[in-house]
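Chains as they are written, first to last, in my numbering: chain R, 38 to 542; chain E, -7 to 212.
Hints were generated in silico from the structure; no laboratory data involved. Honestly, I wouldn't trust all of these hints.
[What the hints assert, rightly or not] Capping the alpha-carbon separation at 27 Å, the derived lysine-lysine pairs in DSS-like fashion look like this:
#1 R:Lys240 <-> E:Lys112
#2 R:Lys50 <-> R:Lys75
#3 R:Lys50 <-> R:Lys240
#4 R:Lys185 <-> R:Lys240
#5 R:Lys50 <-> R:Lys446
#6 E:Lys112 <-> R:Lys94
Take a look at the letters that make up each chain.
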Amino acid sequence: MSGTFVGMPAFPKAAHQAVGNATLRANLRHATHTIRDKRAKAVAELDDWARLREAGKQIKDHTLRHLDHYLVRLEETVTAAGGTVHWAADADEANRIVTGLVKDTGEAEVVKVKSMATQEIGLNEALEAAGIRAYETDLAELIVQLGKDRPSHILVPAIHRNRGEIRDIFAREMGSWGRPAPEHLTDAPAELAEAARLHLREKFLRAKVGVSGANFMVAETGTLVVVESEGNGRMCLTLPETLISVVGIEKIVPTWRDLEVFLQTLPRSSTAERMNPYTSTWTGTTDGDGPQTFHLVLLDNGRTDTLADDVGRQALRCIRCSACLNVCPVYERAGGHAYGSVYPGPIGAILSPQLRGTASEIDASLPYASSLCGACYEVCPVAIDIPEVLVHLRERVVQGGEFTRHGAKVTLKPAQGHAAERAAMRAAGMVFARPGLLRAGQRLAARTRRVHPRTLPGPGRAWSATRDLPKVPGESFRDWWQRTRGGRDDGGQGQQHGKKTGSGA
Amino acid sequence: MSSRDIILGRVRRALGDAAGRTPEPYEEYEAAVDRGYLREHGARTTEQTVDLLAENLADYRAIVHRTDGEELPLLLMRLLAESGAQNILVPPALPPWWLAAADPVRIHDRAASTPAQLDKADAVVTGCAVAIAETGTLVLDGSPDQGRRRITLIPDHHICVVRVPDQVVSSVPQALERLDPARPLTWISGPSATSDIELDRVEGVHGPRTLEVVLVTGAD
């Protein structure tokens, strides 16, 4: 994945800067809280939510287990329906293919539907380098593009901007990209939407090439699905003569029927709607309706490496709804930019280090960008156990070991920065395995509790700088249990180390 | 080695043969997914299903009208007159009697028409393929009474006639059963909208900003 933002510092450093930005925090808090409550309501309308969630998980797991078969099947059905299928092993190859296809049309501009895959591979920059201008047409993507900014949310890339900032960007920048913003533009959302409508209209009407991603690809029928709100997707998918769709290989579902699960769970999870305003489905090309040339670029770019990891592969179930971002206490405070990837939030913290590897400082730090509270798992419509994968990736970073990179097995060395942690864990492991040693240690600790420091020495200092060290009790649980026979000789009263007795005895 | 072979090879290595994979996954596909979720949510009479459709359409800011076959031409005439439409786009095989009383000039969508030419139309009148009550969704499938996808996209005002109760289903699973994936489909739930400014829904971006739905009985 070429999407590492250049020179990106590790998550803690980037997050530290972000939490100091009061406007950003207010914008994020407002937006995430609004959508959280709405999502809960939209989900509560469906009595069978848990079963839909489980079915979505099973469909994706089954597909991933037979991904080779379904990819070949999809290639057959798309080709039979009049499309051309291309395979791209990495970002550079995908960019080369798309650039070549656009050049073949003789056009120097394309209109784009919001797509995570093309963001991930940096397609706009690659096209720009080849003298082709890519116009983002999703409102939030437009805000990001005009503001020379970076996306900070999967669904709403400009979530870090409030209406006032958006007004200023439109008023300042629209003129240099095409039709200027109306004079006296205010920050009313309806006026801002109108400004985008007017600005993009001429581009849609003259566009000859459209570039999209897809939310789903149906192997059995060769059908692609794009779910959207504004109608910019419909414009790009139907008005141009040529359509190029760049889609990750994990976006396949086996059958048409499988959409009955995801078209119920995706809109409610992402925008908290019963249904999003527009969904387009197309199968190859249709005589006399829409683009007469259709190219599908199937993108690997680290996905097969992710598939090779038994625990981590569940990240490939993701349908990019962004519910996990909206509930995440870390995302809400740090914002999307701190994650240094087009995939921010909890899903980004497990996806980016797998797609890109953990060699860079930012990627090695992402598995730690979480308090492991589990809210993300709770809301995930395909039941990705994000905390489980986070812990798994932390282990990979700390312990090293074997994993797959660019299709080949490599052995990762343990990370240097975690030497003290590893030593502490090794010591803990040894002590816990020897009860006598543990008891002696606990008694020693209890007897010396008056002289314990408030902060840890050496490498532990940074940890205890922002945390209170736990107080060591005067008597260990094991000693208390032996002395009182599990509380029976204690008259049912509490005991000396402040824990409640009873329930487990 | 082609990238196709590289990717498929990586997938096969990633999965291994030990994962209990069968060469024909469709055999285990049926058993792999528990379809115990509901085919529809709640039990309703046909009439209640149509009411729910009207309610959910209105909830997402579509303007809903109800009429019968006899009154339909007059209603369409009135809606077009009130909107001030001068030119309207019509699909190739819209029942002619629907617009028998309407005044605006009809623009026919020809294959050679450019999007810029179609941009002159003020409104479009179409039928639909299926309507989904639980989600307030209209699905168009490009049949002759609905036309090419672009004609319901470029004009700012879309009037969609739904034949009730025949074209109405309760749920998304029921709708998919009725639809043909080989046709290009457009699912419409309310007028064009965006949640991109502070995650709050605002109507009116690129698609028709006014969506009127006519639920008509006895229009066959």
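Quick rundown of the hints versus the structure:
no.: 1; hint: R:Lys240 <-> E:Lys112; result: holds, 16 Å
no.: 2; hint: R:Lys50 <-> R:Lys75; result: violated, 32 Å
no.: 3; hint: R:Lys50 <-> R:Lys240; result: violated, 40 Å
no.: 4; hint: R:Lys185 <-> R:Lys240; result: holds, 19 Å
no.: 5; hint: R:Lys50 <-> R:Lys446; result: violated, 31 Å
no.: 6; hint: E:Lys112 <-> R:Lys94; result: violated, 47 Å
Violated hints, listed in ascending order, are 2, 3, 5 and 6; each of the other numbered hints is respected by the structure.
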